[in-house]
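Chains as they are written, first to last, in this note's numbering: chain L, 1 to 274; chain S, 1001 to 1396; chain A, 2001 to 2249.
Just to be clear, a hint being listed does not mean it is correct.
Unchecked claim - Pairs of lysine-lysine residues, derived as BS3-like cross-links and limited to a Cα-Cα distance of at most 25 Å, are as follows:
1) L:Lys237 to L:Lys210
2) L:Lys210 to L:Lys156
3) L:Lys206 to L:Lys156
4) L:Lys261 to A:Lys2194
5) A:Lys2245 to L:Lys62
6) S:Lys1353 to A:Lys2194
Just so you know, these hints were derived from the structure itself, not from any lab.
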Amino acid sequence: MSSPLVLLPGDEIPSEYLPSTNSAPLRLGPGLRLLSQPPSSSAPSHVLTATQAGILSTDNKKNAVSILSAPNRRYIPTVNDLVIAQVHHSSPDYFHCMVTPQAPHVVLGQLAFEGATKKTRPMLKQGDLVYARVLSVGLGAGAEVELTCVNPATGKAEPGGLGHLTGGMVFDISNGMAARLMRASSSSADQQDGVAGLVVLDELGKKLEKVGGFEIAVGRNGKVWVDCSNGGDAAVKATVAIGRCLTTVDQHDLSPADQKKLVSRILREMKIEV
Amino acid sequence: MASTAPSLTLPPSQFARLQPHAYLLAHLSPPASSNQPSIRANGRAPAQFRVTSANTGSLTHTNGSAVVRVGDTTAVCGVRAEILPTDDIASWSVSHTSSRTTNKRQKLANSDSEEQQEEEDPNDKSHIQDLNLLVPNLSLSTGCAPGFIPGAPPSALAQSLSHQILNLLHSTRLVRAEDLRVWYQPPSLGGESLERHNAEEQMDVDDEGTGKEDDGEKAEVKAFWVLYIDVMIVSLAGNPFDAAWAAVLAALRDTKLPKASWDVDNEIVVCSDKVSEARKLALRGLPVASSFGVFEADAAAGWRAVIVPDAEEERLIEEGARKGIQRRWVLADPDGYEEGLSQERACVVVDKKQGKTVIVKMEKNGGWALDGQALKEVVEISARRWEEVKSILEQC
Amino acid sequence: MVGPTASLTPLARADGSASYHCPSTGSNILGSVNAPVELPGRRDALKPEDATVEVFVKTGTAPASVGERYVEGIIRGVVGRLILGRERGYARRGVVITLAIVGGESVGRADSHLTLLPALLHTALLALLSASVPLSMTFSATVLSVDASGKITREPSAEVAAAAKSIHVLAFTSKGHLLLNESEGAFDFDTWEKVRQRASAICHGTSTVGADGDIAMVEDADGQPLEGTIRETVEDQVHRDYAWKIDAA
């Protein structure tokens, strides 16, 4: 792929950029729309134009095309996103949680946990953290966003790890970084350069094996939870070190090589043995 | 007997409410076979303005007032003049070494022709603007249209209209600063000076001017008239700006300021209560505002995603379409119903000097239909409208 | 001449933001966009199928005046036509644009806001782009003043504008339509047509059709067209945001 095509709203997408390998219909992602010629003119054709500014991204496998626009926007809940929410207060049926500080509270059913019944439901207090999936977003004004920590079809916490997050610490990162971390952690990271330009987690994982490894949960709402409960004495130090690595990589857009350097430097500074 | 299906015909008034766009479109584009001209839902031709009437002097305790009615839009304007003594202007003594500059100005005025003076009075603009001698305010009163609730703060529309009026008063320099100055000639000439001053304004008598320079005493501005121009839209049925501006214009033409003089002993400004001594404002020109809305045939343009043609292509399409189907109409003086259906608006304020049309303000916003040729037509329509409004204002 | 400078997303908390500085008029604007947001229910504001665009202009040094309401109306008219308020997630919601004049000459109560208008419009556009609000196209705007001798000055300073006979603000869409025209002061239609031509050249660059029908791009005194400046600003930001992706590829 040569230099990526940056589009502004109203720009037409040149047909040579569209995936043409597949006979399946083209799938349009966000930031694009299909326009047709007004009926009065003679040439009957369709064009694709951008509606947002960003890079054109094509996926030949899925025969999809979309625009990658500004990554660091406010988080807007979308169905199936994994988020880290903080319980604000609870009511008989729901926990009312905060996903982003500027949005109204979202609700999480008291029974929406793996194996929860009226008697065994988790007793979450104010300030507790949950890792949850967005179940539904309402429509229109005053719509409520609902979270769940369980797959309603199976009754299991899918993917694993949904539910109450105990211990550890939460760090704020940008939404763009959160998306990259999710991609990096969800795919098998065998590549040399890491996925989405991130090697920081792999590097940390290798280096912190001695202190017992760590757990991490990434929320699309720009939060990342880190825990090193196996680390014994070094647990707190290691947690903070991971958080510092992630936020620094986020703020300074470090390249893979720099990320490796950063990890070594921070671990050295914090006197964590590797 | 089979029950007849309930009739689906609607009276026109209901159809207009349910399908406003289709209703107006059907009027504007009658079937070719019917051989009817394109006409708006309110019975006007696209370039036709509503019936306009004006009445001045109806408010008795103002210095000037007018009621202007454009169709169902009615604007009442009252002009109240108040004295602003220069002693009350904090920055006056610092920023204006008044006497000298005014004398210079007078020399200029005397040597040059009237026309010249009109063009270059350096204090004119700064006095009126810096001292805020013109204070227009527009209010959309409760009940003028269904959306206006009692007790609400001035709406954004009212505020922006006030600003437009103020801006236009300044940019057209409609009111002369000279009319608003209250002069004082120190005693060697006594009370005559003011009179002379006024006379000079009117007739530009040479020898009097020179006589004045000789006397060594300098005339001084002691006070200003501040004109509070209050416009109230009593009834709003679209296009408030044209009506408001016409009302302001008519009220200012009607405004009479009493003769004011400086009483040295009491250090106050004294106004004469003789009607015969009051003088009218000498306005510069007669700018007339005309507003337009653009109605687009394709109501679903916002819904249906169609390619917006480039400006060049558009021009070709437009030329091609001239014979066939019209896609958009420029509606002069849109009423409330039409305003709700047109996104693109234009407003042109024109004046005529020696038969030549001068544009003093031209704005268009909200769309891309009006350009080059179409705007030129709009200006021509406004120029014709100028004649109309002029005769209306002169009759009242 | 020195072109304007702009940067995207200087504010971290807003959905989108932009700062814009135009050296020739001295205006310096900071803008933010929040969209889509829930608006308090008001019977006049909420359209059932469309987004509601709200614009707020705040002055820096001058006291607030009704002039801002007027400018807000103009900006709303321009961007309202370009925002695709019927896209998913936008209907019945609000697009709130806040523009703060942080520097430059203060505009008095009676002064016209026209010299500031292009900077405000560009800031609004860049902030909308930064917030990824769906737009049908982009635009560029400029202000020109005509003095008594008929000389056209691009983006005049406050003094030049005060002495000018007429001032014109024009905005063109990226497809070349005249989107906005605000003209003030005495002029005739021929003058306006000249102004329009010059403004179009400033925004889009000049394309003159030669006698033989060739279209030649002419670099004139106006330097890079404004449209290009806006595009470059956005491209820079996108390259910075996706450096990891672009470098890896």
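Hint check:
| no. | hint | result |
| --- | --- | --- |
| 1 | L:Lys237 to L:Lys210 | holds, 13 Å |
| 2 | L:Lys210 to L:Lys156 | violated, 32 Å |
| 3 | L:Lys206 to L:Lys156 | violated, 31 Å |
| 4 | L:Lys261 to A:Lys2194 | violated, 60 Å |
| 5 | A:Lys2245 to L:Lys62 | holds, 19 Å |
| 6 | S:Lys1353 to A:Lys2194 | holds, 22 Å |
Hint compliance for this structure: hints 2, 3 and 4 are broken, all remaining hints hold.
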